[in-house]
Amino acid sequence: DGGITQSPKYLFRKEGQNVTLSCEQNLNHDAMYWYRQDPGQGLRLIYYSQIVNDFQKGDIAEGYSVSREKKESFPLTVTSAQKNPTAFYLCASSDGQGAYTEAFFGQGTRLTVV
Amino acid sequence: GQQVMQIPQYQHVQEGEDFTTYCNSSTTLSNIQWYKQRPGGHPVFLIQLVKSGEVKKQKRLTFQFGEAKKNSSLHITATQTTDVGTYFCAGDILKTSYDKVIFGPGTSLSVIP
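Order-wise, the sequence lines are chains A and B.
Take 2 as the starting number for the first sequence in my numbering and just add one per residue.
Take 57 as the starting number for the second sequence in my numbering and just add one per residue.
Just so you know, not all the hints are guaranteed correct.
[What the hints assert, rightly or not] Short, incomplete list of chain A residues facing chain B, as computed with Cβ under 7 Å:
1) P9
2) Y11
3) D39
4) Y49
5) T102
6) A104
7) Q108
8) G109
In case anyone wonders, no lab produced these hints; they're calculated from the structure.
Keep in mind it's a predicted model, so treat the numbers as computed, not measured.
Even glycine gets a Cβ: it sits at the ideal position worked out from N, Cα and C.
So here's chain A without its partners, still in its complex pose:
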């Protein structure tokens, strides 16, 4: 089955540690996105990538880093510089071609920093 997979579903880390969230898709989509969602709030864009080896900062990129070495993968690293990292992180992908850009979401990773 085609889809987008995030792992792990739940992640606990100590303050000051970097942590990497995995996002893999087998939909052959060019565009991939990382969003952060806080309780009762909408989706805020962290980073996005339209093609391999290229990515752009979103609205809240500070304290985060990404890479896009393969079309299928778009990992997100939450660094120790991120002041409030506890949140629900959603990865999405879309075809990004023409007018049809329906986004497919992974199940999300709930990160808790203690």
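Take the given structure of chain A and dock chain B to it, following the hints.
Frame of chain A; chain B shown alone:
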């Protein structure tokens, strides 16, 4: 910067009442999508509108795209408890050879049985 806004932020309705959420963009959109996120879940695509003035229906849900392609609405007729969740609009903003989807903050719908 480019923004997509939604109103209201929260809506509580009695089961059977109608519900409408409105989405407004500061920039002309190439298309708009609507997503639903159930509590504890992830956003799931509902529909996409592309043409100016387009209206689409899915059972009790009616979606509209404004003539200027800067606003949209989602109307639910006779709400049911299964409609509970947060509804997001997402605008596709073309920028040179790239495009990116910008999500509104969402409208959280509660349905009282």
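Q: Could you tell me which of the numbered hints above are not met by this structure, giving the numbers in increasing order?
A: Per hint list: 1, 2 and 3 violated.
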